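The task is simple: from the sequences and hints, build the whole structure.
Now for the letters of each chain:
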Amino acid sequence: MITGVGVRAEVRWVRADLRARRGQALLTVIAVAGIVTALITAATLLEDGTNPWRGLFERGRGAHVWIHTKGAPNVPALRALGGVTDVAGPYRSAPATLADHGRKVPIALQETTAALPSVARPLLREGRWLDVRHPDGVVVEQSFAKALGLHPGSPFPVTGLNGATHTLTVAGLAESGDQGFYPEWTPGLAWTLSSTLTMVEPAPGRTESVTGLRLADAGYTDIVVQQAVITLRNQVQRVSTWREVRASMELDNRLLGLLLALFGLAGLVAAALALANATGGRVLTQLRDIATLKSLGFTREQVTRMLVAEHGTLGLLGIALGLVAGRVITAYALSDTVVVPLSSGPLVAITAGTALVVLVAVWLPAWRGGATPPIPAAPAAPPHGRLSRLARVALLVRLPPALVLGARDAFTRPTSAILTLTGVAIPMMMITIGLGCWATLDGFIRHPEQVGQAAALSVRPGDLTASEALGRAMADPDVVTAYPGVELDALVPWQTRTVRTRALGLSSDPYPFPVAEGRMFRDRGEAVAGQGLLDLLGLRIGDRVRMTIGGTPLIVKIVGRVIEPEQDGEVLSFGVDSLAAKDATPPQFYSLVLRPGADAGEVRARLQAQALEVDQAVNPADRLSVIRVIIVALVVVLALIGLANLLTASALGLRDHLLDLAVLKAMGLTPRQVMATLVTGTGLVAMAGVVLGGSAGAFLSKGLIDLEGRGSGVGAGIGRAPTPGMLAGALLVAIGATLLVALIPARRAARARVPVTAR
Amino acid sequence: MIRAIGLVKIYQTGGLPVPAVRGVDLVVEPGEFVAIMGPSGSGKSTFVHMLGGLETRTSGEIWLDGKRADTLSESGWAVLRRQKVGFVFQFFNLVTNMTVADNVELPALLGGASPKHARERREYLLAELGLEERASAAPGQLSGGEQQRVALARALANQPRLLLADEPTGNLDSRNTRDVLKLLGKVHRQGQTIVLVTHDARVASMADRVVSLLDGQIVDDAPIARIQRRPGGTAGDIVELRG
Chain A
1 MITGVGVRAE VRWVRADLRA RRGQALLTVI AVAGIVTALI TAATLLEDGT
51 NPWRGLFERG RGAHVWIHTK GAPNVPALRA LGGVTDVAGP YRSAPATLAD
101 HGRKVPIALQ ETTAALPSVA RPLLREGRWL DVRHPDGVVV EQSFAKALGL
151 HPGSPFPVTG LNGATHTLTV AGLAESGDQG FYPEWTPGLA WTLSSTLTMV
201 EPAPGRTESV TGLRLADAGY TDIVVQQAVI TLRNQVQRVS TWREVRASME
251 LDNRLLGLLL ALFGLAGLVA AALALANATG GRVLTQLRDI ATLKSLGFTR
301 EQVTRMLVAE HGTLGLLGIA LGLVAGRVIT AYALSDTVVV PLSSGPLVAI
351 TAGTALVVLV AVWLPAWRGG ATPPIPAAPA APPHGRLSRL ARVALLVRLP
401 PALVLGARDA FTRPTSAILT LTGVAIPMMM ITIGLGCWAT LDGFIRHPEQ
451 VGQAAALSVR PGDLTASEAL GRAMADPDVV TAYPGVELDA LVPWQTRTVR
501 TRALGLSSDP YPFPVAEGRM FRDRGEAVAG QGLLDLLGLR IGDRVRMTIG
551 GTPLIVKIVG RVIEPEQDGE VLSFGVDSLA AKDATPPQFY SLVLRPGADA
601 GEVRARLQAQ ALEVDQAVNP ADRLSVIRVI IVALVVVLAL IGLANLLTAS
651 ALGLRDHLLD LAVLKAMGLT PRQVMATLVT GTGLVAMAGV VLGGSAGAFL
701 SKGLIDLEGR GSGVGAGIGR APTPGMLAGA LLVAIGATLL VALIPARRAA
751 RARVPVTAR
Chain B
1 MIRAIGLVKI YQTGGLPVPA VRGVDLVVEP GEFVAIMGPS GSGKSTFVHM
51 LGGLETRTSG EIWLDGKRAD TLSESGWAVL RRQKVGFVFQ FFNLVTNMTV
101 ADNVELPALL GGASPKHARE RREYLLAELG LEERASAAPG QLSGGEQQRV
151 ALARALANQP RLLLADEPTG NLDSRNTRDV LKLLGKVHRQ GQTIVLVTHD
201 ARVASMADRV VSLLDGQIVD DAPIARIQRR PGGTAGDIVE LRG
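Chains as they are written, first to last, in full-length UniProt numbering: chain A, 1 to 759; chain B, 1 to 243.
Rather than coming from a laboratory, the hints here were simulated on the basis of the structure.
With beta-carbon atoms standing in for the labels, derived distance ranges:
no.: 1; chain 1: B; residue 1: 115; chain 2: A; residue 2: 301; range: 21 to 31 Å
no.: 2; chain 1: A; residue 1: 359; chain 2: B; residue 2: 222; range: 52 to 62 Å
no.: 3; chain 1: A; residue 1: 309; chain 2: B; residue 2: 159; range: 21 to 31 Å
no.: 4; chain 1: A; residue 1: 729; chain 2: B; residue 2: 18; range: 53 to 63 Å
no.: 5; chain 1: B; residue 1: 220; chain 2: A; residue 2: 19; range: 46 to 56 Å
no.: 6; chain 1: A; residue 1: 411; chain 2: B; residue 2: 199; range: 33 to 43 Å
no.: 7; chain 1: B; residue 1: 217; chain 2: A; residue 2: 356; range: 53 to 63 Å
no.: 8; chain 1: A; residue 1: 359; chain 2: B; residue 2: 23; range: 39 to 49 Å
no.: 9; chain 1: B; residue 1: 143; chain 2: A; residue 2: 655; range: 18 to 28 Å
no.: 10; chain 1: A; residue 1: 301; chain 2: B; residue 2: 199; range: 34 to 44 Å
no.: 11; chain 1: B; residue 1: 116; chain 2: A; residue 2: 411; range: 51 to 61 Å
Just so we're clear, the structure is a prediction, and the values are computed from it rather than from any experiment.
C-beta atoms are modelled at their ideal positions from N, C-alpha and C, and glycine is treated no differently.
Shown next, in the form of structure tokens:
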């Protein structure tokens, strides 16, 4: 009987309350929507960044299955298979080699049409597509072109199996979701016109046919592959599916995932804070009305339910709006980078997570509202406002009275002061942690040697001998040192998988690994490891580990831990001389340390001209660059939330002080002094919050990022606190904004005529 | 109708017990108009709040319509209030966000009436109180007297068995006081049971019976003879009564 009856009355009250404060309600909705939008955009960008296959495949209407056959297959039979919606090709494909600075790189030439095909369409990124008027043009797969330094207009000298060389020209670069990135996926791919292919490879017996099948549902892949193999009987040479392509493109970056999770959490906390503050502030200003409602016969449960319904609906509305906005932003504003909307897993997690946070954040103040005693006339307990001794001294030494009164106000109501303080401090702390992440990324770029990238380039001898390659590399004026290196996979007992070992430099002259704990290896049989490897094998510094490399057993003692951004930290590094001679000589590559300030790209180009195969190290910060976008977005949202919290606080402060203001004015304070009193009252607490949050964030960020580094296998030791300049700037901006926001209601209050009756 | 037996309220202020009401026995018959008088701090407001369940009693019993009410939970009291008790306060206590019409309809809706019935009842009450013009105004736009008349309409929306009024005229000027008192007299004549707290003797003189509280105890409980309100009454009448 208690519940159920009177729902109409609750609805009536909620409607009236929403109507009375449209602006505030809108702010709440926007704050929550902003957070959800930021989370969705960030997650979509991240998903797209770490798994580019989805976007490429969707945009190019890729084929799920590629069938390589000797001759042209029976296309109508393939098309008739259940689940197949479209067929790409069959295209002829021929193996060839590309002459690149004196070495030969195997490539696959694939026939295509002058008009872009509708299925399995390469996505042109640079230059132009093939044209029948320019039969010597080829379009090169982008990652392959980047690895070889090819641009539109570059010569493309191709040698067919018959030994004849044809000088083709790169017409354009394209991406494709039908083939993995080079060098993980070889051979490199180039698209040509049918006539060009025939010119390079005139013998029909040396080409194969590739046919793509696009399926209605990726889940049919296995069945379709089976059926296709049966249908084509002995014709099939090999089959590749989208799963292999995706696996080769996926960037398994745990650090990125963990950083994003941290920001997601920060966003959720911020959402909770914004809502709890908005609801709490609203409930506090309404206590009198709520008491009246109870005197009319509203029960405690009804009041709680009503408040949860009202504020929860606003929050949920914000979530819905945020979902829509997130989709719209990723679909339109970011249409160049993102094609596929967020997959359902993270979407559901974000929605459910925020919904839960919204309901909890709203329930707490609503419960407080429900517990209001039903005596409407009960006066608010007067604050224990005594002028402290300090304040009296301040007045005696003629500090402005407004400052003294404001300072007194700031701390006479501990509950509201703490609310304001946390409402400002927590967003500020999160912002500072975000700045710490930013500083960490900057650190990666400015000091690559601190993340194990002292060598910007590595050269592989290719067709040269190792000593020739070393000689040519060292001849470059910008190359300071070259360390011989070998990367091998090692079998470790009790592990079903191999781990990467890296022999680099000599034990007597080790590569400058960034040692975070322990020491660098100095002798044969000593090694340093990344955090990921220590975790994987359950090892500690000082332990010995036995492994088998290329059939040869090797026992090394781990003497230190290094910052290891590769392979999620699951790498063991030691000197080349620790390896058996058969594995160590000749070295696979030389890591080149450049002169400080040298441009790695230029050196690379010079060395490439010397017929060397050169790889440039990818800085982890470049891979994490999407984080920067997310940091900026979250800082904006957090700043808005902090300011919204402050607005609530100053509105509450104003309500508490209206009567006092009348007295102050009667005592002879000018409007400006009244204003100063109010600004000091909220501003002091808020400034304390800014400073507290900023210092806590600066203090915590290094540790938190190190924690993330440890969890991701890279290892602790990467974290940076925000730079002093950055921190000071953030604090100044925050304090300025704080005072401005405190000024808005204060100005209004100072001008307004103050009522003298109790409402 | 309503019966209080040995009602006691003791506040704990800073650990010290401060008795506000100390053992009050009172019986109000149906249709009776009782005024409770006393100086500030005599416990009259606390007593009336306890009768309506706004405050819990420390000890004693409250019976409403033959049923014991003091043992009810907070929610039980809330339901009882919405069905049987109307409140009018000194500071009107209209819900500031809601229009006059919504304020008056709220108790009816809360009691489970249909929106149509609630609207009809509101239209009738506002017309009775001469406020039909102000139905869509916000409480802040009304004068004190108007606000108190709206509060009265709201208190009567559910046709409560008992109307509790806590200094309803304490914040009004004499003209508005007269208007509100006239309305109270009118509903009383229609059979409404009223318990009214006041420290104004003129207001108390409207009642059938005046109960005087001092320091939380009843010091006087005297019916007022009808003759007193008869026009043309003389000083002799009063002398006779008091005697």
